[in-house]
Each structure stands twice: as C-alpha cells, then as structure tokens.
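> Spelled out from the first residue to the last, the chains are:
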Amino acid sequence: MSTKHSKAGEAFLNDREHASWHNESLWFVREKRDKVSKEIPEWEELRELSSQIKMHTVSHLDTYLEQFTKNAEANGVIVHWATDAREHNEIVYGILSKNKVKKLVKSKSMLTEECHLNPYLIDKGIDVIESDLGERILQLMDLAPSHIVLPAIHIKRQQVGELFEEKLGTEKGNSDPTYLTRAARKHLRNEFLTADAGMTGANFAIAATGDIVVCTNEGNADMGTSLPNLHIVSMGLEKVIPDLQSLAVFTRLLARSATGQPVTTYTSHFRKPRKGGELHVVIVDNGRSKVLGNKDHVKTLNCIRCGACMNTCPVYRRTGGYSYTYFIPGPIGINLSMLKSPTDYFDNVSACSLCFSCNNVCPSKIDLGQQIYKWRQDLDSLHVADPTKKLISNGLKFLFTKPALYNTSLKMAPIVNIMPRFMLYNGLNEWGKGRELPVFAKESFTELWKKGKVK
Amino acid sequence: MTSKEIILNSIKSNISTQYDMPDFNLNAIQYSDKIARFNEVLKSVGGVAYLLKAGENVNEAIRTLYPEAKVIASNCPDISCATLNPDGSDDAHQLTGIDLAVVQGELGVAENACVWIPQNVVHKAIYFIAEEMVILLDKDKLVSNMHEAYKQITFSESGFGIFISGPSKTADIEQALVIGAHGVKGLTVILR
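As given, the protein sequences belong to chains A and B, one line each in that order.
Using numbering that gives the first Met the number 0, the first residue of the first sequence is number 0, and each one after it goes up by one.
Using numbering that gives the first Met the number 0, the first residue of the second sequence is number 0, and each one after it goes up by one.
Worth flagging that the hints you see were computed from the coordinates, not collected in a lab.
Glycine included, each C-beta is placed from N, C-alpha and C at the ideal position.
Be a bit skeptical, because a hint or two may be false.
Said to hold, decoys possible - Taking lysine-lysine pairs in the BS3-like style, the calculated list, with each CA pair at most 25 Å apart, reads:
#1 A/Lys34 / B/Lys33
#2 A/Lys102 / A/Lys185
#3 B/Lys33 / A/Lys31
#4 B/Lys184 / B/Lys42
#5 B/Lys42 / A/Lys289
#6 A/Lys102 / A/Lys166
#7 A/Lys34 / B/Lys42
#8 A/Lys294 / A/Lys274
As the list claims (entries may be wrong) - Every beta carbon over 12 Å from chain B, so not counted as near; a handful from chain A, in silico:
#9 Asn13
#10 Arg135
#11 Glu164
#12 Lys339
#13 Ser352
To be verified - With the C-beta cut set under 7 Å, the calculated list includes, among others, these residues of chain B facing chain A:
#14 Cys75
#15 Ala124
#16 Gly158
#17 Ser167
#18 Leu190
Produce the entire structure from the sequences given, and follow the hints as far as they go.
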C-alpha cells in the first residue's frame with residue numbers, strides 16, 4: 000500500500016530532469032541560508048531566543064491578543080474576530096461590500112488560501128487580483144502555491160513566457176525573467192491604480208504598539224495599501240508577539256532563513272489607517288486555539304512561515320509541493336495537516352525520512368521531525384497503518400527479541416548476495432522498490448567481536 | 000457570546016504550561032566600520048551607497064547619479080533639483096510618472112542595509128511608485144543591528160513606518176533575481 004504522497008511523488012520523479020532542477024533550485028536557497036546565517040555569530044542564540052519568545056507568547060496568547068486589540072483600536076484600527084474560515088470570509092466580504100469594492104488587490108497570504116477566500120469573493124462578484132509575481136502567475140494558471148514563500152518554484156520560465164504571451168500579450172518565445180517581470184510590473188501597476196481596496200496578510204502583530212508588520216521584497220503589499228483607501232489585514236491569532244524588541248529578533252531570522260537575504264526589502268509597519276482611509280484587522284482562529292492544548296504539537300504555533308523546512312527537506316525537494324494533500328506542504332505542512340484532520344491528511348506523514356534537517360534549520364526551533372514521528376505512532380489507532388509495513392515490523396520484533404533465531408538468520412543472510420534478482424526484487428520486497436539491497440557481510444559483528452577481530 | 004469571547008475562552012481553556020519571557024542579554028554583532036558594512040550589504044541587495052564628500056553639493060551629486068531623471072519629486076527643503084513637491088498632490092493616484100523620488104531616512108542599520116523611514120510625506124505611495132529612489136541619511140545615524148534600531152526608531156503622526164533595504168526585487172521566475180518588481184527599480188542611499 001502506498002500513500003497518496005508516495006504515489007504523487009513517484010509521478011513527480013518520472014520527469015527526471017524537472018525533478019532534478021526542482022531539487023537543485025531549493026538546495027540553492029538552502030545554501031544561501033547557510034551562508035548568511037553563518038555571518039551572524041549569535042545565530043544559534045537568536046534561534047533559541049525566538050523559540051523562547053514564541054513559547055512565552057503563545058502560552059499568554061489571550062493577554063497579548065487583548066493588548067494588541069486595545070492598542071490597535073486606540074490607533075483607529077478596526078479589529079474583527081473570526082472563529083473559522085467561513086466567518087473570516089463573511090467579515091472580509093462585509094467590509095468590501097459596505098465600501099462598494101469592485102476590485103481587490105491582494106498581497107501574499109497563506110491564511111486566505113487556508114480560508115479559500117478568493118473563490119468565495121469571486122463568486123460574490125469581486126474582482127480579486129493577486130499581486131505577488133509568483134501568486135499572479137499561479138492565479139493566471141488557475142493553480143495553487145506549491146511552496147509558502149516561493150509559490151511558483153515548480154514553474155519553468157518557458158511556461159511563464161507562454162502564459163504571459165497569452166494573457167499579457169508579451170513577445171512570442173521570450174522567456175527572459177527580467178523581460179517577464181517588467182511585463183508583470185506594467186500590468187499590475189494598472190491594477191494597483193484602479194483597485195478599490197488592498198489586502199495583506201501579517202507577518203507579525205505587535206501587542207505593545209498595535210502595529211501590523213508585513214515583510215515583502217516586491218513592494219506589492221505597499222503599492223496595494225498606498226493607493227486604495229481601504230486596507231484589510233488577515234492574520235492568524237498566533238502572529239502576535241509582545242513588542243518591538245521581540246520583532247528585532249524575528250526580523251533578523253525571517254529572511255535569512257527563508258531566502259538567504261539579510262532582510263526583506265520592505266519591513267512595513269502599519270500602525271494607523273491612512274488619512275481618510277480605513278484599516279481593518281481580522282484575527283482568525285480556525286482551529287489554532289485548540290492546538291494550544293496539544294502538548295506534543297503546541298510548538299507548531301512557533302512557526303513564522305519562512306519555509307526553511309521545505310527548502311532543506313530531501314523529500315519535499317524531490318517530490319514537490321503538490322505531492323502533499325494539504326495546502327501547506329513540507330515538514331510544517333505535514334504537522335499542520337494532521338492537526339487539522341488526521342483522517343483526511345494521514346497520507347502526508349510518509350513524506351519524511353526522519354533526517355531531522357528541518358529541526359536544525361527552523362528559526363523557532365520547532366521539533367518538526369519528532370512530531371512527524373509521533374503522528375506515525377498514532378496511525379495504527381486511526382486504522383490507516385500500512386499493513387505490509389506492519390507485517391514487516393511485527394516480524395522484525397519477533398526476530399529481534401529471540402537472539403538465537405536472530406543469529407541464525409544473520410548467518411544465512413549472505414545467501415542473499417548470490418540469489419538471482421527475480422527472487423529478490425519482486426512484489427514481495429517492499430523495501431527493494433527503487434533501491435538496491437546492501438551486500439551482506441560474511442561474518443556478523445558479533446562473530447567478529449567474539450574472534451577478537453574488532454579493534 | 001461574541002466570536003472574540005469564544006476565541007479568548009478557547010485560548011484560556013487550552014493553555015496548560017506557561018513560559019516566562021526570556022532575558023534579552025544577547026551579545027549582538029557589532030561593526031567597527033558601520034559605513035563599510037552598510038555599503039557592502041546594500042551593494043549585495045542591489046542598491047548603492049554614496050558617501051557625500053566634504054563640501055560636495057547634494058543636488059549636484061543627485062544630478063550626476065541620475066542624469067536622465069526628468070521628474071524628480073521631493074519634499075526635502077534642501078533638494079533644489081526637485082521638479083515636484085509630492086505633498087502638493089491631492090491624491091496618491093496622481094503620483095505616476097515620477098523618475099526619481101528623494102526622501103529623508105532616519106536611521107540606517109549596518110547588518111542588513113535597512114533604512115528606517117517614519118512616514119514623512121503626505122502620500123506614502125511616493126516610496127514605492129517612483130521608478131528610482133534616493134534616501135538621504137545622516138552618516139552618524141548608523142547602528143550595527145536591528146536590536147539597536149528598534150530601540151531608537153520613532154513614528155510620525157501618520158502612523159506608518161518602514162525599513163527599506165535596497166530596491167524592490169523578485170526571484171519568482173525560476174529563482175532568477177530581477178531587480179525592480181513593483182516598487183522602485185533602483186535605490187541609492189546618500190550618506191552625508
């Protein structure tokens with residue numbers, strides 16, 4: 000039995016050239032992250048501080064959310080609360096319809112993906128324009144992001160060239176990234192100038208000051224909130240942090256971890272609505288508050304959505320974001336999907352080799368690998384454990400607890416070395432699919448030890 | 000119950016162990032030559048740092064750096080090369096077609112080439128909508144790292160402030176870096 004992830008991964012790997020390119024593109028980002036993080040001698044201390052600030056904040060989340068709300072409201076910001084995705088979408092539409100908004104420009108927000116806001120608004124007749132270049136490419140292709148920071152990482156330049164040729168009227172056969180980016184700039188500039196409202200996510204919300212902080216490179220969030228008078232912010236409730244000193248820690252970690260940049264080009268602080276305009280913040284729960292009570296998985300709330308765990312993950316890099324069944328892929332996505340619904344998303348827990356590289360790059364020190372291991376222990380109770388693997392596992396348990404039988408089996412093992420392939424690599428050998436068996440040694444370690452051959 | 004009450008109650012009932020806020024006794028990086036580091040990082044993120052020489056006129060420097068700029072927008076009092084005061088526009092939408100914006104920065108950060116700007120213009124669109132931008136910065140107003148920066152920055156009455164590090168950029172097409180996405184396509188920080 001294969002999981003949906005392993006089947007989709009197999010299909011992804013069928014295009015060897017594309018799969019290899021995908022792997023290398025992400026590894027390039029991971030290497031940039033290593034380089035810039037090593038320029039900071041206190042890097043590991045920063046990660047520890049970040050983890051501790053998050054642990055403190057989420058365990059006092061009610062206090063900080065109330066403080067944030069009080070300060071934001073004193074600054075003239077209108078704060079809304081949504082228990083779930085439906086309520087979030089209704090609030091957003093309510094604000095838009097009250098302001099007679101026809102066109103909304105959005106900057107990147109994974110929360111609005113989580114809430115399926117775009118189809119909801121489009122259905123209500125709102126013209127929704129994604130303005131992050133990667134997101135815009137995907138919107139025009141009618142595809143979802145395959146990575147949380149690099150949404151179109153799986154798309155080749157030729158595909159973008161053909162898309163823009165059809166949708167934006169660019170030159171035939173021109174797939175130069177600079178040329179295509181300039182064409183998107185021109186196209187989206189017109190959208191910014193004609194939009195009635197701008198929508199952004201939030202990277203951080205500062206309790207002590209009421210600020211919403213948005214970190215971007217393209218300047219789209221700022222264009223979208225500098226022209227229309229209405230700005231709506233959609234934020235998960237775990238985005239709140241205590242104060243600007245805490246923010247200093249996160250701004251030093253976020254972009255270095257995400258893309259290997261020293262910082263994002265723009266770190267925008269929205270404290271008050273623009274003169275004559277409105278600033279709305281929608282605080283969304285959608286299952287997050289329940290995670291607080293889950294001791295094994297509460298640390299997922301530490302996540303600052305940098306995507307470093309995806310860039311480093313050997314499984315993500317070689318299978319792509321669409322192989323996962325949840326809208327957030329990679330190590331963090333596996334955990335978030337299981338918190339959302341284990342019976343719907345258990346296929347994703349197989350997408351891990353337990354190498355724990357994700358733990359070591361996470362800027363908030365989330366124990367991503369251990370958490371995936373724990374989910375796997377629960378699979379049997381969900382009645383979704385792989386029966387073949389269960390059989391092997393039970394067989395090995397039988398063998399490992401009987402030393403005499405184990406040693407006899409080990410003596411027999413070298414026979415495998417000379418067995419014909421058809422006897423070894425067939426449907427019965429789950430392990431031998433896509434990999435070679437090792438050559439078994441003639442003598443076991445125990446035998447070598449007893450003969451005094453181990454120095 | 001309102002949604003706010005439902006959410007806050009759910010949070011309260013789910014929190015078990017509470018953790019203290021950590022001490023911030025971090026030995027954060029210091030640069031002996033902050034200007035050199037700022038220069039180096041700004042260059043790496045696609046920008047340019049220009050150190051004004053003693054007695055050099057800032058307007059002449061801007062003119063030399065941007066010889067082709069026709070529409071130059073600035074509300075800075077000593078920028079006489081400006082052809083337009085953007086604060087005179089009624090609406091941010093009128094600020095199209097600006098070749099160069101010249102704005103005043105408050106504080107620079109050596110570790111990542113950020114410059115803090117507390118909104119000091121009527122329409123903040125000017126920071127993004129112009130084709131290119133010059134940020135004027137007092138060379139004595141450089142700090143080493145973000146911890147120091149966040150202790151010193153101020154906000155203006157408008158309630159918007161921004162750290163800017165280099166021109167806008169994207170790598171969304173095949174991770175190929177393109178300078179100039181939706182914001183400015185070029186950025187010079189003039190240190191004086």
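> Give a verdict on every hint.
Results for each hint:
Note on A/Lys34 and B/Lys33: the hinted pairing holds, with a Cα-Cα distance of about 20 Å set against a maximum of 25 Å. For a cut-off of 25 Å, the pair hint linking A/Lys102 to A/Lys185 stands: about 17 Å separates their Cα positions. With a C-alpha separation of about 23 Å, the suggested pairing of B/Lys33 with A/Lys31 holds against the 25 Å cut-off. A threshold of 25 Å between alpha carbons decides the hint, and for B/Lys184 with B/Lys42 the separation of about 14 Å falls inside it, so the pair holds.
At roughly 46 Å between alpha-carbon atoms, B/Lys42 and A/Lys289 are farther apart than 25 Å, so this suggested pair is violated. Pair hint A/Lys102 plus A/Lys166 holds up; C-alpha atoms about 18 Å apart against a cutoff of 25 Å. Taken as a hint, the A/Lys34 and B/Lys42 pair is honoured in the structure, with Cα atoms around 17 Å apart against an allowance of 25 Å. The straight-line distance between the Cα atoms of A/Lys294 and A/Lys274 is roughly 45 Å, outside the 25 Å bound, and the hint therefore fails.
No Cβ of chain B comes within 12 Å of the Cβ of A/Asn13; the nearest lies about 21 Å off, and the non-interface call holds. Listed as outside the interface, A/Arg135 is inconsistent with that label: its C-beta sits roughly 9 Å from the nearest C-beta of chain B, within the 12 Å cut-off. Annotated as non-interface, A/Glu164 keeps its C-beta farther than 12 Å from every C-beta of chain B; the closest such distance is 14 Å. For A/Lys339, the requirement that its beta carbon stay farther than 12 Å from each beta carbon of chain B is met, with the minimum near 16 Å.
Non-interface call for A/Ser352 relative to chain B: holds, since the shortest CB-CB distance, roughly 24 Å, exceeds 12 Å. Given hint, B/Cys75 at the interface with chain A, is violated; its Cβ is 19 Å from that chain's nearest Cβ, farther than 7 Å. At its closest, the beta carbon of B/Ala124 sits 4 Å from a beta carbon of chain A; the interface hint therefore holds under the 7 Å criterion. With a least beta-carbon distance of about 3 Å to chain A, the hint placing B/Gly158 at the interface is held under the 7 Å criterion.
At its closest, the beta carbon of B/Ser167 sits 4 Å from a beta carbon of chain A; the interface hint therefore holds under the 7 Å criterion. Evaluation of the B/Leu190 hint against chain A yields a violated restraint, the C-beta minimum of about 18 Å exceeding 7 Å.
Checked against the numbered hints listed earlier, the structure breaks hints 5, 8, 10, 14, 18; every other hint is satisfied.
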